[in-house]
Structures are given as C-alpha cells and as structure tokens.
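Colleague: Take the sequences, apply the hints, and build the full model.
Here the protein sequences come in this chain order: F and A.
Heads up, the first sequence is in my numbering, so the first residue is 1 and it goes up one at a time.
Heads up, the second sequence is in my numbering, so the first residue is 1 and it goes up one at a time.
Among these hints, one or two may not hold up.
As the list claims (entries may be wrong) - Interface residues of chain F toward chain A, partial, derived using beta-carbon atoms under 7 Å:
1) T176
2) K186
3) V225
4) P363
Unchecked claim - Footprint (simulated), chain A over chain F, 3 or more residues, beta carbon under 8 Å:
5) 48 to 60
6) 86 to 92
7) 233 to 244
8) 313 to 319
9) 353 to 362
Worth flagging that the hints you see were computed from the coordinates, not collected in a lab.
Note that the coordinates shown come from a computational prediction; the quantities given were computed from them, not determined experimentally.
The beta carbon of each residue, even a glycine, is placed where N, CA and C say it ideally should be.
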Amino acid sequence: MEKNNKQMVFTDASMLITEACVKAGADVFIGYPITPSNRFYQYGTQRFPSFLAGPDEITVMQWMAGYSAAGKFPVSATAFPGLALMTEGLNMAYAMELPMLLILTQRLGPSTGSATTGAQGDLMFTYGAISGHYPIPVFSHSDFEDSWTMTYEAIKTAIKFRTPVILLTSKELVMTNKSFDLNKLKEIKPVEKFSTKVEEPYKPYKTGKEMVPPYIPLGDDKYQVRINASTHNDAGLIKKNDPESMANTKRLKEKFEKRIDEIAFYDFDNQDGADKLIVTYGISADAARDAVAELRDSGEKVALLIVKTMIPVPPKVMEIMDRFNSVIFVEENIGGIYKEIIYGKNAPAKVIAVNKIGSLISPSEIVKAVK
Amino acid sequence: MTKNKILNKVKMPFCQGCGHGIIVRSIAKAMEQLGYTNHDTVIVSDIGCSGLVDPLFDTHSIHGLHGRAPALGVGVSLGLDNPNKKVIVIQGDGGVTIGLQHVLEAARRNIDITLVVMNNLLYGMTGGQISGLSTQKFKEQRHFEVDVPPFDIVKLAHASGAAFSARATSIKTYTEVLKDAIEVNGFSIVEFSSLCTSYAFKKLDELQEVFEEAEVYRNERIPVRAHHKERKSLLDNLQIIEKEFDSKIEKRVGLVLAGSAGGGVQSAAKLLATTGMFSGLHSTMKGEYPVTVGTGFSIAEVILSTTPVKYTGLETPDAVIVVSDDGWNKIKGNIQENSTIILDNSLKNEETESLKNKVVYGDFNRAAGKRGAALAALSYWIKDTGMMDIEALKKSVSSHKYSKVLLEAIEAGLNILT
Ligand code: SF4
Numbered sequence: 001m002e003k004n005n006k007q008m009v010f011t012d013a014s015m016l017i018t019e020a021c022v023k024a025g026a027d028v029f030i031g032y033p034i035t036p037s038n039r040f041y042q043y044g045t046q047r048f049p050s051f052l053a054g055p056d057e058i059t060v061m062q063w064m065a066g067y068s069a070a071g072k073f074p075v076s077a078t079a080f081p082g083l084a085l086m087t088e089g090l091n092m093a094y095a096m097e098l099p100m101l102l103i104l105t106q107r108l109g110p111s112t113g114s115a116t117t118g119a120q121g122d123l124m125f126t127y128g129a130i131s132g133h134y135p136i137p138v139f140s141h142s143d144f145e146d147s148w149t150m151t152y153e154a155i156k157t158a159i160k161f162r163t164p165v166i167l168l169t170s171k172e173l174v175m176t177n178k179s180f181d182l183n184k185l186k187e188i189k190p191v192e193k194f195s196t197k198v199e200e201p202y203k204p205y206k207t208g209k210e211m212v213p214p215y216i217p218l219g220d221d222k223y224q225v226r227i228n229a230s231t232h233n234d235a236g237l238i239k240k241n242d243p244e245s246m247a248n249t250k251r252l253k254e255k256f257e258k259r260i261d262e263i264a265f266y267d268f269d270n271q272d273g274a275d276k277l278i279v280t281y282g283i284s285a286d287a288a289r290d291a292v293a294e295l296r297d298s299g300e301k302v303a304l305l306i307v308k309t310m311i312p313v314p315p316k317v318m319e320i321m322d323r324f325n326s327v328i329f330v331e332e333n334i335g336g337i338y339k340e341i342i343y344g345k346n347a348p349a350k351v352i353a354v355n356k357i358g359s360l361i362s363p364s365e366i367v368k369a370v371k
Numbered sequence: 001m002t003k004n005k006i007l008n009k010v011k012m013p014f015c016q017g018c019g020h021g022i023i024v025r026s027i028a029k030a031m032e033q034l035g036y037t038n039h040d041t042v043i044v045s046d047i048g049c050s051g052l053v054d055p056l057f058d059t060h061s062i063h064g065l066h067g068r069a070p071a072l073g074v075g076v077s078l079g080l081d082n083p084n085k086k087v088i089v090i091q092g093d094g095g096v097t098i099g100l101q102h103v104l105e106a107a108r109r110n111i112d113i114t115l116v117v118m119n120n121l122l123y124g125m126t127g128g129q130i131s132g133l134s135t136q137k138f139k140e141q142r143h144f145e146v147d148v149p150p151f152d153i154v155k156l157a158h159a160s161g162a163a164f165s166a167r168a169t170s171i172k173t174y175t176e177v178l179k180d181a182i183e184v185n186g187f188s189i190v191e192f193s194s195l196c197t198s199y200a201f202k203k204l205d206e207l208q209e210v211f212e213e214a215e216v217y218r219n220e221r222i223p224v225r226a227h228h229k230e231r232k233s234l235l236d237n238l239q240i241i242e243k244e245f246d247s248k249i250e251k252r253v254g255l256v257l258a259g260s261a262g263g264g265v266q267s268a269a270k271l272l273a274t275t276g277m278f279s280g281l282h283s284t285m286k287g288e289y290p291v292t293v294g295t296g297f298s299i300a301e302v303i304l305s306t307t308p309v310k311y312t313g314l315e316t317p318d319a320v321i322v323v324s325d326d327g328w329n330k331i332k333g334n335i336q337e338n339s340t341i342i343l344d345n346s347l348k349n350e351e352t353e354s355l356k357n358k359v360v361y362g363d364f365n366r367a368a369g370k371r372g373a374a375l376a377a378l379s380y381w382i383k384d385t386g387m388m389d390i391e392a393l394k395k396s397v398s399s400h401k402y403s404k405v406l407l408e409a410i411e412a413g414l415n416i417l418t
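Modeller: Right, here's the structure in full:
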C-alpha cells in the first residue's frame, strides 16, 4: 500500500463552503430551499449551530438582518428567483450595514429558466442590486480550494466592512463531486465580530478613517444602538438632505473604493512573452486552466487571470488587462457580462468574448478562440 | 446611560390629533411600569406614519421596511436570545397588509415579540388609500371595494398560534392591555384604533365597526427560541480513501451511466468514482435528473483520471451504460461516435441495432434486479475492460450500509454473458 500524507476524500464544494462558514464563526443558516442551492440547505441543517427554515426568501432576508443586528452572523443560499425576492431586504441590510453572507448559486435564466442547468448569468444583477449603484461585494470561487478560502474572505469582508457579501457560484461548481485532498485546506479561525475600540461619545454610524461604523449589537447594555435603512445621520435617525446624512450615504460606496486593495482577490498566471490574456471566473475557470495548459503545450504564449473579487472591480485587475494586446473573456452567459462591466458596450477591438449558455464552455472552445 | 425612562423629550412628529401619539406614550408607560430599562428595549419600526417613532424612544431602535418589521423583529428576538430584552414591533394597518405573512409566521412560531398595530384604516403617508384592514363602512364612504371585508388581524394571529392577541378600544385600557401583551412569554399582538385626522376626520363611526368591543385571546404555548447545537465538522464524516489497487487507466476515462430514477444510478456512479480513488485515480461525478427526483430518467457522469480533473465536462465518453428506457430516451440523441455502448437486453430494438458504435447487450436487469442493474453493468464493464481491479469496486462497496445487496449486484455483473 502506498503511504502518503494526503487525505483524499470524495466531496463537493457545497460541503466545503458550509464547513468554512461555520469555522469562520457563522452562527445561523436561514434557508429557503431552491435548486441548485439545496446542498447548502442540507449541509446547513447538519452543521450550523442554529438553523431556521424560512417561509419565503423575503422573510429569510429579514430574519438574517434581525440576527445580524443582534450580533449573530447569518448565512443563506439561494438562486436567482430567490435573490429577486431578497433584493428588497438586501438593500435594507446594505443600508443598515449588517454583516451577512448570501451564497448565490447561478442557474440558467431568465426567470425560473432551468433549475438544474448551471450558468454565469447573475453578475450584472448583483452589480446593479443596490439602488443608487453602490457596490455590494461579490466574490466568486473557481475550484474546491478557493471555495474554502473565498468563503473565509467573504465572511471576513462582511464583518470588516459591515456589509452583506454575496458568494457567487453556480450549479456545476457546487453540485459536482470530486476527489480532493483535505490537506490542501488552510486553517480557518473564527473572525472577531465586535468592535473593541469605540470612540466616545458613541454614535452608531459615526466612523473614523476606516470608514466603517463600530459593530455593536442591538440590546447592548452600555451603548444605545440605532440601526436604520432609510437615509440617516450618525445617530442612526432618519434625516433627509443634510450634509451629515449625505456624507453617511456616500460613505457606503467610498468605504469600498478607498480600501479596495484589502479585498482584491484574483489568480494571475502570467507567462513570459505572452501578449494574450484569458480572463475568467467561477465555473469557467477550470476549463480555462485546461485550455491554457494545452495552449502552452502547443507553444502558444498565454496568460490567465482568474478573478475572485468580482465587485467592486479592483483597479489591479484592470491594470493587468491593460497590459495585454488581446484579452479573451470566458463566461457561461450570452454576450459577456463581466466583459460588459469592465468595458461597457464599446469594448476595444482587442477584447474577444467566448460565451455559451446551456452547458459548460469546454477547453477546446477556448483554445479555438485564442488561436 | 441605562435608565427606566423609555421616551425622549422630543415633540411627536404626528399631525395634530393623530391617534399614534397616545399609543406611543402607552407603550412607554407599560414598559416603565414593568421595570424595563431603555437598554432592555428594542423598538423595531415599519414604514409609514407609524414608522416615525424611532427618535421618540430613548432605547435601541431599528427602522426597516414596509411590512417587514415583524419579520425583522423575529430575527432580532431570536438573535438576541435573551428573555430580559424586550422586542417591540410597531406597524400600521398598511404594514400588516403588505407583510401579513410575517405576522402569521411570527404568531405560528410564537416568537417572543410584541407587535403593536396602529390601525387608522388607511395609508396616511401616501394620501389616505385603503388597506387590507380598512372597514367596509370606511370604504362605503369612498365608494371603493365595499364588498371586500377587512382582515381581522387579531383573530388571524390567534388562529395562527399567537400566545396573546387583543384589540384595545378604550384609551383608558391601553397601558394595561400592553402590559399584559408584553408580559406574555411568546408572540403578542395588540391592535389599536388610531384616528388619522388628516385623511379621515369623521371616521369615528367607521372605526367603531371594528373596535366595538375589546377582545383578548390567548393560546397557552411556550415560545419558540433559537436552538443551539455544537456540531462536529462535516469533513470528519468523510471517508479517507487511500490507494490500495492498481489501475490500467492511462490518462483519463469518462463514463455515462443512464437509467431510471430509483434505479441506483447515482449511487453506482459514486461507487465507481471511489473505486477509482482506491485505485489511485482522481475522480469526478455529477448527476442529472428531473426536478421530480422520484420518476423519469437518472443520469450520472464519472471521470477517472491519473491527474487531478479540472474541467468536468464530458464531451466524448469512453463508455455509455444504459439500463432502462428512461435513460435511453434521455441520452440517445447525444451518442458520440467513439463511445462503447453497453445496453440492457431489454433495449435491443431497431434503433439500438442501427448504432454504428460498438454495442454490447447484457441481461443486467434480470440478473441484478432494477435497483442493481446499473451497478451490475459497471461491474461487467470493469471486468471486461480490465481497467481496474474488481476488488477495488468491492472495497468501495464494503463500507456502504447496503453492502450485502451491492456485492450481490457486483457478482451478478461478473457472471453476465454478452
Ligand atoms: S397622516 Fe394621519 S396617521 Fe399620519 S400622522 Fe397625520 S394623522 Fe397621523
């Protein structure tokens, strides 16, 4: 028998993500079943310290916000039809600045589409989900290893920036079982939730240079906490059109813009002399990895950028794209959503899109487009 | 500073004569008389005129969305999980209408919150439109939806399981009813008639239609609280698989297994994947089946590879194993030239006979039964191709809770003559 230091198991990314959530300190899973997010629900019942079965996604999001306001970290998982219902509450939690994680398993749309067919079609919706176009952090993972690390980063970001975070995934990423070496998983420690440094006199939405208000739960015995979804001042009370509440509103965007480097995650696999760059994310990343290996074997020089911080778009990611004479976007949707977020409707000639719906983009399709 | 004074000294934001002010004062009085401090109190407010209450209370507060305050309050109460902290949710009849589900859900679960409904029969903030709690008299005067009766939220909440549901009709009783509601361990709701002086000045008699008599209903129940349970890691339950056998697979082999729901296709595919792992290979597996998992086709794809599998698509499977009509009908349009096709004998017909592929027929269903056919076919394939050691498949099955039956299917497969 061959002895090695590997711990090979047969599992799926839904399990790794669920486990990573609890290891990072998530307290409660609040679910409403929807395909292809059902494994999260199932693992959630088996693993989370608390589990609640919501009667619909609107309620789920409200319960999550309530838990978060009370100092407990909530997680849920859904697909587009659920996200549509949650968007009202997501805006609320965003304005209130409540940490939480929402796992969004993409499936083929529009509408109910095909529940069991994967897709990468919801990025634009998450990009525009917050009224006024404030960025809600959207992270994606591209394989088993980073399903683990990006979940951890998502929860860290949610707490550090006091914000809901979306972990964007898709059916094939979380419903495909693979052999996997558990030793590849890095240790996850529970994220420290509450602010220990509070400036006196305490005001619920007053911030220092980190631009994020202290996180103190409702019901605190020392500080009076006010949380508000409507336009509010530092005290957390409704206030229209005064400089303080306008500054507070603008801060919702600025806190991410100013500190974007802290949450800029991507894998950049460059090759000396390459002037072509493949840009991809999520489920299409593995096909791109295979395609790049094949291209390099055949003597082609090509670089690969796998983006994990989808929103806000890190300037570093755009700098990398700027360096190449040819940029090939690979996404399982029509027309290229990420491409449109980066280049708008008027992409320069150097930009090529490899798109498809209904099934995975294959390595050979990418190879063909690059050659 | 912690104190037993619940209200701030700020001016009420409501129109003159509005009924909301007296309800706010009654809430504060009830809390103070019951001995709650401002730090023990969380006010959850809705949208509308009733949603302007936050600054009036010198307590914790959270101001949410229209109709959603009861759901938000449920989250706060469960999240706090502290019976010494009191969550008071305030909403109007408009809020109850748009978020009726949230009220009923909170009542059904008997979550420990007190819901105060300020019913002024209309939407005050948007111009006096009717709500689901508007009375017929009120609507008669506006010649609008006269035949549609209002919801009786007090009875609805009671029927849904609320520990305490009441309608308060006389200002003199407000504080006492509220104290009863707040003291209840579980979900309590009190509906108040509140006069909107701006849009319904003459509606005293309209209000009377609902608020003729005070009502109190109780359900003797214990409130549902958050459950906490320390769980062990999901990864601890996973089987660690080490290489024990050799395989002849050189690079990568892909298989499609197709049959009917309930025919053991998914579990056979999983066993093949772990068989690969016992043979030192990397493997992936994914399933496809209709949304109604108990009927129709069931298809699984397995890839076995000497190197880790990144892209998991399977364009040209090396072998396609089909053990039922459901499976055949689903995949027949997608047969690739180079695949070997292994079919159950029952699928021998003109269509399958005309395939240009290498086709093998076996009596899998008859030999191993409907549930064992897929595994028997796999066992046959392993033996026939010699790609892996059949002992690896048996090893893979050994820790399964139905290992005995599965081993029988494997043996049946080994004895199949094609
Ligand atoms: S509009 Fe009606 S309900 Fe609103 S504050 Fe004025 S009187 Fe009260």
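Colleague: With reference to the structure, classify each hint as holding or not holding.
Modeller: The hints, checked one at a time:
1. A cut of 7 Å between beta carbons decides the hint on T176 of chain F: the least distance to chain A is about 4 Å, and the hint holds.
2. A cut of 7 Å between beta carbons decides the hint on K186 of chain F: the least distance to chain A is about 13 Å, and the hint is violated.
3. This hint holds: V225 of chain F has a C-beta 5 Å from the nearest C-beta of chain A, less than the 7 Å allowed.
4. Contact between P363 of chain F and chain A, as hinted, is supported at the beta carbon level, the nearest pair being about 5 Å apart and thus within 7 Å.
5. Requiring three or more residues with a Cβ within less than 8 Å of a Cβ of chain A, the coverage given for the stretch 48 to 60 of chain F holds, as 9 such residues are present.
6. Counting residues of the stretch 86 to 92 of chain F whose beta carbon lies closer than 8 Å to any beta carbon of chain A gives 3, which meets the minimum of three for the stated coverage.
7. Remark: the stretch 233 to 244 of chain F is confirmed as covered by chain A, as 3 of its residues place a Cβ nearer than 8 Å to a Cβ of that chain, reaching the required three.
8. By the rule of at least three residues with a Cβ nearer than 8 Å to a Cβ of chain A, the coverage given for the stretch 313 to 319 of chain F is violated, with 0 such residues.
9. Figure legend: the stretch 353 to 362 of chain F, annotated as covered by chain A; annotation consistent (3 residues with Cβ-Cβ distances under 8 Å, at least 3 required).
Comparing the model with each earlier hint shows violations of hints 2, 8; every other hint is respected.
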